[in-house]
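Same order as they appear, the protein sequences are chains B and E.
To convert, take the position in the first sequence, counting from 1, and add 34; that gives my numbering.
To convert, take the position in the second sequence, counting from 1, and add 10; that gives my numbering.
Don't take each hint at face value.
What the hints assert, rightly or not - Non-contacting residues of chain E with respect to chain B, defined by C-beta distances greater than 10 angstroms in every case (computed): (1) S17; (2) L39; (3) T58; (4) V115; (5) R124.
To be verified - Cross-link-like lysine to any residue pairs, in silico, SDA-like; alpha carbons within 20 angstroms at most: (6) B:K91 <-> E:A81; (7) B:K53 <-> E:L45; (8) B:K181 <-> B:R214; (9) B:K66 <-> E:R60; (10) B:K53 <-> E:R60; (11) B:K181 <-> B:V160; (12) B:K53 <-> E:I73; (13) B:K91 <-> B:Y110; (14) B:K53 <-> B:G101; (15) B:K91 <-> E:R77; (16) B:K181 <-> B:S167.
In case anyone wonders, no lab produced these hints; they're calculated from the structure.
The C-beta atom is built at its ideal place from N, Cα and C for all residues, glycine as well.
The chain contents come next:
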Amino acid sequence: MSADVSDLSLVRRVQSGDKGAFDALVRKYQHKLVKLVMRYVRNPAEAEDIAQEAFIKAYRALPQFRGDSAFYTWLYRIAINTAKNAVVSRDRSPIEYNIDRSTDATEESYDMQGRMKDSETPEGLVLTDEIRSTVNAAIEALPEDLKTAIVLRELDGLSYEEIAAAMDCPVGTVRSRIFRAREAIDRRLREVFEGGLGRTEDMG
Amino acid sequence: MNEELDSQLSAMFDNELPAAECELLARRLSRDEDLKARWGRYAAIGATIRAEGGVRLNSDLAIRVNRVITAEPAVVAEPVGARPQKATTPRWWTPVGGAALAASVAAAAILFLRYEAPSPGGQVAAQAPPATASQTLVARGVDTTQAAPDSYVVPKTLPRRSIVPSTQLANYVVAHSEFSSPVNRRNLLSAFMASESGTAGAPSGSDEPTEDVSDDAKSPH
Numbered sequence: 035m036s037a038d039v040s041d042l043s044l045v046r047r048v049q050s051g052d053k054g055a056f057d058a059l060v061r062k063y064q065h066k067l068v069k070l071v072m073r074y075v076r077n078p079a080e081a082e083d084i085a086q087e088a089f090i091k092a093y094r095a096l097p098q099f100r101g102d103s104a105f106y107t108w109l110y111r112i113a114i115n116t117a118k119n120a121v122v123s124r125d126r127s128p129i130e131y132n133i134d135r136s137t138d139a140t141e142e143s144y145d146m147q148g149r150m151k152d153s154e155t156p157e158g159l160v161l162t163d164e165i166r167s168t169v170n171a172a173i174e175a176l177p178e179d180l181k182t183a184i185v186l187r188e189l190d191g192l193s194y195e196e197i198a199a200a201m202d203c204p205v206g207t208v209r210s211r212i213f214r215a216r217e218a219i220d221r222r223l224r225e226v227f228e229g230g231l232g233r234t235e236d237m238g
Numbered sequence: 011m012n013e014e015l016d017s018q019l020s021a022m023f024d025n026e027l028p029a030a031e032c033e034l035l036a037r038r039l040s041r042d043e044d045l046k047a048r049w050g051r052y053a054a055i056g057a058t059i060r061a062e063g064g065v066r067l068n069s070d071l072a073i074r075v076n077r078v079i080t081a082e083p084a085v086v087a088e089p090v091g092a093r094p095q096k097a098t099t100p101r102w103w104t105p106v107g108g109a110a111l112a113a114s115v116a117a118a119a120i121l122f123l124r125y126e127a128p129s130p131g132g133q134v135a136a137q138a139p140p141a142t143a144s145q146t147l148v149a150r151g152v153d154t155t156q157a158a159p160d161s162y163v164v165p166k167t168l169p170r171r172s173i174v175p176s177t178q179l180a181n182y183v184v185a186h187s188e189f190s191s192p193v194n195r196r197n198l199l200s201a202f203m204a205s206e207s208g209t210a211g212a213p214s215g216s217d218e219p220t221e222d223v224s225d226d227a228k229s230p231h
């Protein structure tokens, strides 16, 4: 099975004019990309800005993407270049945030201030911590075979076939175990998102 | 939401779903917000397991990107079938097509040469009208640019030079026709025409514009 088959099917949809498919790609890779960019910058908010720029560059360049490499490899290169350029330009001219919103406050500068505030508010940090603790607690509560399957997949990055070999079971069983593990964690996670702190869903 | 669909979504997230199923699910995923939210939570679960330090799991990054993308025109890649393909023409057609092209060019060249060659009966008809006074002034090099309008003037098409028997020749042939044989008359006529052709391009009395004037007329003001 091709390692990039699902990404490629989403990419093809974007290339035929379906913007919703690109949203799915962003949701899938946003954490990976922010983590990648944080090798170059320390501030999470700045890393998100760079990741955002990288995603938008990727969207605009997507008509030229032929699928010769994996989508994430291509996106990775765009993000690295964007991060390097951002660091260089930041070193040349330090970022100064205009806090006077009454004068010529564009939506972009407004968003920047909003994000800076979000990342630094105790509420934002609490939500992140709550998500983390919820997921960790849900994983601890999983049966051993489900826990092993999801950890081998997400932490070690093994394919279903490799996990099947490691766990000595059919590939179909691996698929089922990983799905059931995700379902159990997601059930707990949904309660967090939908229980008052679910701002991620409301901010659109 | 049914379990089979969720199972497919989980496998697709891991790039472990067969391509045909991916196509169908990608279509649904791009439109179904609930499915997309679940897909996003799968990503958050993975990030948490990997303990990706500094990553804000409640990030609105996807929302911000989506906001920018929504304001932009949709990107559409050029379909593969739209590219020019060499293999669409059968091979046997290549030499036949080349021969047909060469034949067409040859036929066009023959037609062009026949059109350009002066026909024997058309010589009198092609005779130019007598020059007017103003044209004569131009031909003599008189400056007429002051009278010319300040606009681009399309240069006059040069009349084709033709060899036309003069009145003298015609009178001579008529006067001696009854005393000469047809062969002699034809030879005499040819000799006169040859002598007349040597003076056909003389400037005096000609209606052809001089080179200098035609150049001025071509230059836009």
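Status of the hints after comparison with the structure:
no.	hint	verdict
1	S17	5 angstroms, violated
2	L39	5 angstroms, violated
3	T58	4 angstroms, violated
4	V115	40 angstroms, holds
5	R124	54 angstroms, holds
6	B:K91 <-> E:A81	14 angstroms, holds
7	B:K53 <-> E:L45	15 angstroms, holds
8	B:K181 <-> B:R214	10 angstroms, holds
9	B:K66 <-> E:R60	10 angstroms, holds
10	B:K53 <-> E:R60	29 angstroms, violated
11	B:K181 <-> B:V160	26 angstroms, violated
12	B:K53 <-> E:I73	13 angstroms, holds
13	B:K91 <-> B:Y110	12 angstroms, holds
14	B:K53 <-> B:G101	18 angstroms, holds
15	B:K91 <-> E:R77	14 angstroms, holds
16	B:K181 <-> B:S167	16 angstroms, holds
Violated hints, listed in ascending order, are 1, 2, 3, 10, 11; each of the other numbered hints is respected by the structure.
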